[in-house]
Amino acid sequence: SAVISQKPSRDICQRGTSLTIQCQVDSQVTMMFWYRQQPGQSLTLIATANQGSEATYESGFVIDKFPISRPNLTFSTLTVSNMSPEDSSIYLCSVEWQGGTYGYTFGSGTRLTVV
Amino acid sequence: KQEVTQIPAALSVPEGENLVLNCSFTDSAIYNLQWFRQDPGKGLTSLLLIQSSQREQTSGRLNASLDKSSGRSTLYIAASQPGDSATYLCAVPRSNDYKLSFGAGTTVTVRA
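Residue numbers (my numbering), protein chains in the order written: chain R, 7 to 121; chain D, 3 to 114.
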């Protein structure tokens, strides 16, 4: 399965600022997925990033708050904009295994604290 | 809508005891089920993936069973070690688009 490098691993940010999280995959993949994990909660899918088209957002998430870029088949970024303390979470990217098994690999996560 | 539930939410056992973690899902028409491990503040590590046609999958001390008809999967960890302390998550692909639905996880503490 693919290997994902995600950075930064953690950050502490001031409210009102933005943070961009990067994910680099060691192979070409069609879709990349972005998740949020709020403290003590499970993972919630934010959006699906396809190369060459707009990201598809899940209910409750909007592009103005979480803009996503997907410039090529191995890289994607998620920006958390105009942050508030409620955005303090772990953010993770994920890709699907090759071969149609619908298994998934995850990045190492970005632990964001907004103060 | 697929609902995934994990019981118990937390578990504490002495070293050497076997662990039994449960995962249930409401829609039995699943494609597969995947178990993950998450260390505090970190990403997810895939442990096992069971295809819908399989009854169980094994990797070292880990064994996962799947009973689609009853909507259940169980992860067994034999002879637990302090290094097994982590949160364990199960996930199934959504039937409409195969993106994952997660349970809330079971947090395991293995006492030395």
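Some clues are possibly wrong.
To be verified - With a straight-line cut-off of 27 Å between C-alpha atoms, the simulated BS3-like cross-links for lysine-lysine are:
id : chain 1 : residue 1 : chain 2 : residue 2
1  : D       : K101      : R       : K13
2  : R       : K13       : D       : K70
3  : D       : K101      : D       : K3
4  : R       : K13       : D       : K3
5  : R       : K71       : D       : K44
6  : D       : K101      : D       : K70
7  : R       : K71       : D       : K70
8  : D       : K70       : D       : K3
9  : D       : K44       : D       : K101
10 : R       : K13       : R       : K71
To be verified - A partial selection of chain R residues facing chain D, derived with a Cβ cut-off under 8 Å:
id : residue
11 : V9
12 : S11
13 : Q12
14 : P45
15 : Q104
16 : Y110
17 : S114
18 : R117
Unchecked claim - Far from chain D, some chain R residues (derived; all Cβ distances over 10 Å):
id : residue
19 : S7
20 : R16
21 : I18
22 : S59
23 : R76
24 : P77
25 : E102
26 : V121
Derived from the structure by calculation, the hints contain no laboratory data.
Note that the coordinates shown come from a computational prediction; the quantities given were computed from them, not determined experimentally.
Heads up, the beta-carbon is just placed ideally off N, CA and C, and yes, glycines get one too.
Evaluated hints:
1. For the hint linking K101 of chain D to K13 of chain R, the alpha-carbon distance of about 23 Å falls within 27 Å, and the restraint holds.
2. Annotation: proposed proximity of K13 of chain R to K70 of chain D is violated, straight-line Cα distance about 38 Å (limit 27 Å).
3. Restraint check for K101 of chain D and K3 of chain D: the C-alpha separation of about 12 Å stays at or below 27 Å, so the hint holds.
4. As the CA atoms of K13 of chain R and K3 of chain D are separated by approximately 33 Å, the hinted pair breaks the 27 Å bound.
5. Between K71 of chain R and K44 of chain D, the direct Cα distance comes to roughly 23 Å. Compliance with the 27 Å bound is thereby established for this hinted pair.
6. Note on K101 of chain D and K70 of chain D: the hinted pairing holds, with a Cα-Cα distance of about 19 Å set against a maximum of 27 Å.
7. Of the supplied pair hints, the one linking K71 of chain R and K70 of chain D is violated, its CA atoms being roughly 38 Å apart against a limit of 27 Å.
8. For the proposed pair K70 of chain D and K3 of chain D, the alpha carbon gap of about 16 Å is at most 27 Å, so the pair holds.
9. Taking the CA atoms of K44 of chain D and K101 of chain D, the gap is about 21 Å. The hint holds against a cut of 27 Å.
10. Note on K13 of chain R and K71 of chain R: the hinted pairing holds, with a Cα-Cα distance of about 19 Å set against a maximum of 27 Å.
11. Here the hint on V9 of chain R is broken, as its CB sits about 12 Å from the closest CB of chain D, past 8 Å.
12. Proximity of S11 of chain R to chain D is violated relative to the hint, the smallest CB-CB distance being about 11 Å (cut-off 8 Å).
13. A distance limit of 8 Å between C-beta atoms decides the matter here; for Q12 of chain R the minimum to chain D is near 7 Å, and the interface restraint holds.
14. With a least beta-carbon distance of about 10 Å to chain D, the hint placing P45 of chain R at the interface is violated under the 8 Å criterion.
15. Given the 8 Å rule on beta carbons, the hint for Q104 of chain R is violated: about 13 Å separates it from the nearest Cβ of chain D.
16. Hint status for Y110 of chain R relative to chain D: holds, with the closest Cβ pair at about 6 Å, below 8 Å.
17. Taking 8 Å as the C-beta cut-off, the interface hint given for S114 of chain R holds, the closest approach to chain D being about 4 Å.
18. The interface hint given for R117 of chain R holds, since its Cβ lies 5 Å from the closest Cβ of chain D, which is under the 8 Å cut-off.
19. For S7 of chain R, the requirement that its beta carbon stay farther than 10 Å from each beta carbon of chain D is not met, with the minimum near 7 Å.
20. With 10 Å as the threshold on Cβ separation, the claim that R16 of chain R sits away from chain D is violated: the shortest Cβ distance comes to roughly 7 Å.
21. A cut-off of 10 Å between C-beta atoms confirms that I18 of chain R is not in contact with chain D; the least separation is 13 Å.
22. Its beta-carbon lying about 15 Å from the closest one in chain D, S59 of chain R satisfies the requirement of being farther than 10 Å from that chain.
23. No Cβ of chain D comes within 10 Å of the Cβ of R76 of chain R; the nearest lies about 16 Å off, and the non-interface call holds.
24. Even its closest Cβ contact with chain D, about 22 Å, leaves P77 of chain R beyond 10 Å, as expected for a residue assigned away from the interface.
25. Annotated as non-interface, E102 of chain R brings its C-beta within 10 Å of a C-beta of chain D; the closest such distance is 8 Å.
26. The claim that V121 of chain R lies off the interface holds: its Cβ sits roughly 17 Å from the closest Cβ of chain D, which is beyond the 10 Å cut-off.
The structure is inconsistent with the numbered hints 2, 4, 7, 11, 12, 14, 15, 19, 20, 25, although it conforms to all the rest.
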